[in-house]
Each structure stands twice: as structure tokens, then as C-alpha cells.
Amino acid sequence: MSSIKIRTKRIDGNTQIRTLISHPMEHGRNKDKATNKLIPAHYIQVLTVKHNGKTIAICNMGAGVSKDPYFAFLLKGGKPGDEIIIDWVDNLGNKDFEKHTIS
Amino acid sequence: MKVNRRKFLTTSLAMGAAGMGLLESSFASAEWLAADFAPGSFDATMKQLLNGKPIVETDKIELTIPEIAENGALVPVTVSSSLKDIRRIAIVVEQNPVPLAIEAELMQELELFMSARLKLAGTSFVFAIAETDKVCYSVKKKVKVTIGGCGG
Numbered sequence: 000m001s002s003i004k005i006r007t008k009r010i011d012g013n014t015q016i017r018t019l020i021s022h023p024m025e026h027g028r029n030k031d032k033a034t035n036k037l038i039p040a041h042y043i044q045v046l047t048v049k050h051n052g053k054t055i056a057i058c059n060m061g062a063g064v065s066k067d068p069y070f071a072f073l074l075k076g077g078k079p080g081d082e083i084i085i086d087w088v089d090n091l092g093n094k095d096f097e098k099h100t101i102s
Numbered sequence: 000m001k002v003n004r005r006k007f008l009t010t011s012l013a014m015g016a017a018g019m020g021l022l023e024s025s026f027a028s029a030e031w032l033a034a035d036f037a038p039g040s041f042d043a044t045m046k047q048l049l050n051g052k053p054i055v056e057t058d059k060i061e062l063t064i065p066e067i068a069e070n071g072a073l074v075p076v077t078v079s080s081s082l083k084d085i086r087r088i089a090i091v092v093e094q095n096p097v098p099l100a101i102e103a104e105l106m107q108e109l110e111l112f113m114s115a116r117l118k119l120a121g122t123s124f125v126f127a128i129a130e131t132d133k134v135c136y137s138v139k140k141k142v143k144v145t146i147g148g149c150g151g
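One line per chain: the protein sequences are R and G, in this order. Taking numbering that gives the first Met the number 0, I'd label the letters of the first sequence as residues 0 to 102. Taking numbering that gives the first Met the number 0, I'd label the letters of the second sequence as residues 0 to 151.
By construction, these hints were calculated from the structure, which means they are not laboratory data. Even for Gly, the Cβ is constructed at its ideal location relative to N, Cα and C. Warning: the hint list may mix true and false statements.
[Said to hold, decoys possible] Covered stretches of chain R, as calculated for chain G (at least 3 residues, CB under 8 Å):
| id | region |
| --- | --- |
| 1 | 4-14 |
| 2 | 54-68 |
[Said to hold, decoys possible] Derived pair list, reagent style BS3-like, types lysine-lysine, alpha-carbon separation capped at 30 Å:
| id | chain 1 | residue 1 | chain 2 | residue 2 |
| --- | --- | --- | --- | --- |
| 3 | R | Lys8 | G | Lys59 |
| 4 | R | Lys66 | G | Lys140 |
| 5 | G | Lys46 | G | Lys139 |
| 6 | G | Lys140 | R | Lys75 |
| 7 | R | Lys66 | G | Lys141 |
| 8 | G | Lys52 | R | Lys30 |
| 9 | G | Lys59 | G | Lys143 |
| 10 | R | Lys53 | R | Lys32 |
| 11 | R | Lys75 | R | Lys4 |
| 12 | R | Lys66 | G | Lys46 |
| 13 | R | Lys94 | R | Lys32 |
| 14 | G | Lys139 | R | Lys66 |
| 15 | R | Lys53 | G | Lys59 |
| 16 | R | Lys49 | G | Lys143 |
| 17 | G | Lys83 | R | Lys78 |
| 18 | R | Lys49 | R | Lys75 |
| 19 | G | Lys143 | R | Lys66 |
| 20 | R | Lys75 | G | Lys59 |
| 21 | R | Lys75 | G | Lys83 |
| 22 | G | Lys141 | G | Lys83 |
| 23 | G | Lys52 | G | Lys83 |
[As the list claims (entries may be wrong)] Partial list, computed: chain R residues near chain G (C-beta under 10 Å):
| id | residue |
| --- | --- |
| 24 | Arg17 |
| 25 | Gly76 |
| 26 | Pro79 |
| 27 | Asn90 |
Next up, chain R with everything else stripped away, as it sits in the complex (with noise of 0.2 Å):
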């Protein structure tokens, strides 16, 4: 199953894209109480928005974001049938993208 939820809803001619990433968005400085040691950090590093294939937003992001990271953005226009693109990387390595089509 995929990390990532897209909802788009369609607003006054323009499109609200949301979405919600279930990641633990660890800062590093966290102790794990059972064993007494630090969580290494593990954290989304960049967030990407395509419509239609084009880039519409490149996030950068560091470990200030809250658990389970939510954003949200809003396209000019936007018609039913497009395709909104979201994928992410994190310090890891891990990726995952999903892709969602405008109703």
C-alpha cells in the first residue's frame, strides 16, 4: 500500500491538492525509551507535485515537519481527467509516488 493520500477537490475554478504521507518524520534527537538510545533520524527530504507530467512544486524539507506530514497546495485551474504526480524522498534512501487523476 502506498505512504501517500492525494485528494483533489475542485474549488471556485481552481484545484485544492491535498495530501497526507504516513512517515515517522524522525528529527534524530528522540530517544527510544525501552532501550535508552537515540532514533536515528529518519525524515521525508523532498516532496514533489506533478500535473500532467510538470513539475509544480519541489518541497524541500527538514525534520521540522510534523509526524505524518500534510500538505496542501492550490493548482490554477485544473480539469477532471488530469493527473497529479506526488512522490517523495527521504535521508534513506526509501521513495514511494502515487498517482491520482482529478474527478
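Add chain G to chain R, keeping to what the hints say.
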């Protein structure tokens, strides 16, 4: 390294008038820089972000964030603006160990609008910085955190 890349980016953007293609390619090459997200002081982060551009306080950027956050681990933030020519929005939390939270490049296809959720280590000013060709606009709001966002 980072200075070189920044310099390259600035110069190539300055030449952007000569060709939109070049402008776009420098956008696409925006990469994640460890130096930007390194733990450090707020001043150092700002210096790096501004890249020599003057900072202008404005009321034309809207920063929506709760004044009091019960839980610092999850603070919703929204930045929107009617200003034109903005190509980069950054959100900086003054008191966080890593002050820079998000640095986003929004292309022309998007309205200047972005929502996200932040972690706040404690009560802090949150800055939204919008970068244009010549200046950086900034707006700040204070958020009072009643439970820190650092712990689990």
C-alpha cells in the same frame, strides 16, 4: 559548495530574462542541501536563506498559524500571498534546533498557497519568507506552545 550552487542559481536566474528555459531548468535542479537543514542558529539560517537580498517586512503575505498550540508536535500552518513573482517560500521556526522547516518552490501553475504541519520545540516566532528576484518578504507570528514538540 552551497555558495557556489547558490551563486550559480542566482546568476542563472538573473539571466533568466534571456530565456525562460534556463529559468525552468534551474528550478528543476533545486536539490536538497544538507547545509540548509543543518542544526544551527536562527541568524545563520536566515543569512543563508536571504543570500544577500534585503529583507522587507510586509503584510501582503498571510501566515495563518494558531497563536497557542496545545501540542508542538503538530502545528498547522498556511502561507498565502497575492504578491507576484514569488518563486520560493520558506518557513522558519526561530527556536527549533533546525530552524528551517520547509523551503518550497512553487511554479506558476500554482496559486501562492501552501499548507503544512510543523513541529515546534517550544514557544517561538514562526517566519514565512517569500523570495522574489530582488528582495525577500517576511512575515512573522508568535506561537505559544504549551507542550514541547521535541519529545515523543
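Now the hints, each set against the structure:
Residue count for the region 4-14 of chain R with a Cβ under 8 Å from a Cβ of chain G: 1. That is fewer than the three needed, and the coverage hint is violated. Under a criterion of three residues with beta carbons nearer than 8 Å to beta carbons of chain G, the stated coverage of the region 54-68 of chain R is upheld, 14 such residues being counted. The suggested pairing of Lys8/R with Lys59/G holds, with an alpha-carbon distance near 26 Å, which does not exceed 30 Å. The suggested pairing of Lys66/R with Lys140/G holds, with an alpha-carbon distance near 22 Å, which does not exceed 30 Å.
Pair hint Lys46/G plus Lys139/G holds up; C-alpha atoms about 16 Å apart against a cutoff of 30 Å. Among the hinted pairs, Lys140/G with Lys75/R is consistent with the structure: their alpha-carbon atoms are about 28 Å apart, no more than 30 Å. Between Lys66/R and Lys141/G the alpha-carbon distance is near 22 Å, which keeps this suggested pair within the 30 Å criterion. Taken as a hint, the Lys52/G and Lys30/R pair is broken in the structure, with Cα atoms around 39 Å apart against an allowance of 30 Å.
Using a Cα cut-off of 30 Å, the hinted pair Lys59/G and Lys143/G holds, with the two alpha carbons roughly 23 Å apart. Between the alpha carbons of Lys53/R and Lys32/R the distance comes to roughly 44 Å, so the proposed pair goes past 30 Å and is violated. For the hint pairing Lys75/R with Lys4/R, the CA-to-CA distance comes to about 21 Å; that is within 30 Å, so the pair holds. Restraint check for Lys66/R and Lys46/G: satisfied, since their Cα atoms lie roughly 28 Å apart, inside the 30 Å limit.
Our distance criterion of 30 Å between C-alpha atoms is met by Lys94/R and Lys32/R, whose separation comes to about 28 Å. A threshold of 30 Å between alpha carbons decides the hint, and for Lys139/G with Lys66/R the separation of about 23 Å falls inside it, so the pair holds. Proximity of Lys53/R to Lys59/G is assessed by CA-CA distance (about 28 Å); at most 30 Å being required, the pair is judged to hold. Restraint check for Lys49/R and Lys143/G: not satisfied, since their Cα atoms lie roughly 35 Å apart, outside the 30 Å limit.
Using a Cα cut-off of 30 Å, the hinted pair Lys83/G and Lys78/R holds, with the two alpha carbons roughly 24 Å apart. Annotation: proposed proximity of Lys49/R to Lys75/R holds, straight-line Cα distance about 13 Å (limit 30 Å). Proposed proximity of Lys143/G and Lys66/R is supported: the alpha carbons are some 20 Å apart, at most 30 Å. Proposed proximity of Lys75/R and Lys59/G is supported: the alpha carbons are some 20 Å apart, at most 30 Å.
Among the hinted pairs, Lys75/R with Lys83/G is consistent with the structure: their alpha-carbon atoms are about 14 Å apart, no more than 30 Å. Between Lys141/G and Lys83/G the CA atoms are separated by roughly 26 Å; this keeps the pair inside 30 Å, and the hint holds. Among the hinted pairs, Lys52/G with Lys83/G is consistent with the structure: their alpha-carbon atoms are about 17 Å apart, no more than 30 Å. The closest approach between the C-beta of Arg17/R and any C-beta of chain G is roughly 8 Å, which is under the 10 Å cut-off, so the hint is satisfied.
The beta carbon of Gly76/R comes within 8 Å of a beta carbon in chain G, closer than 10 Å, and the hint placing it at the interface holds. Contact between Pro79/R and chain G, as hinted, is not supported at the beta carbon level, the nearest pair being about 17 Å apart and thus beyond 10 Å. Against a cut-off of 10 Å between C-beta atoms, the interface hint on Asn90/R holds, since the closest Cβ of chain G lies about 9 Å away.
Hint compliance for this structure: hints 1, 8, 10, 16 and 26 are broken, all remaining hints hold.
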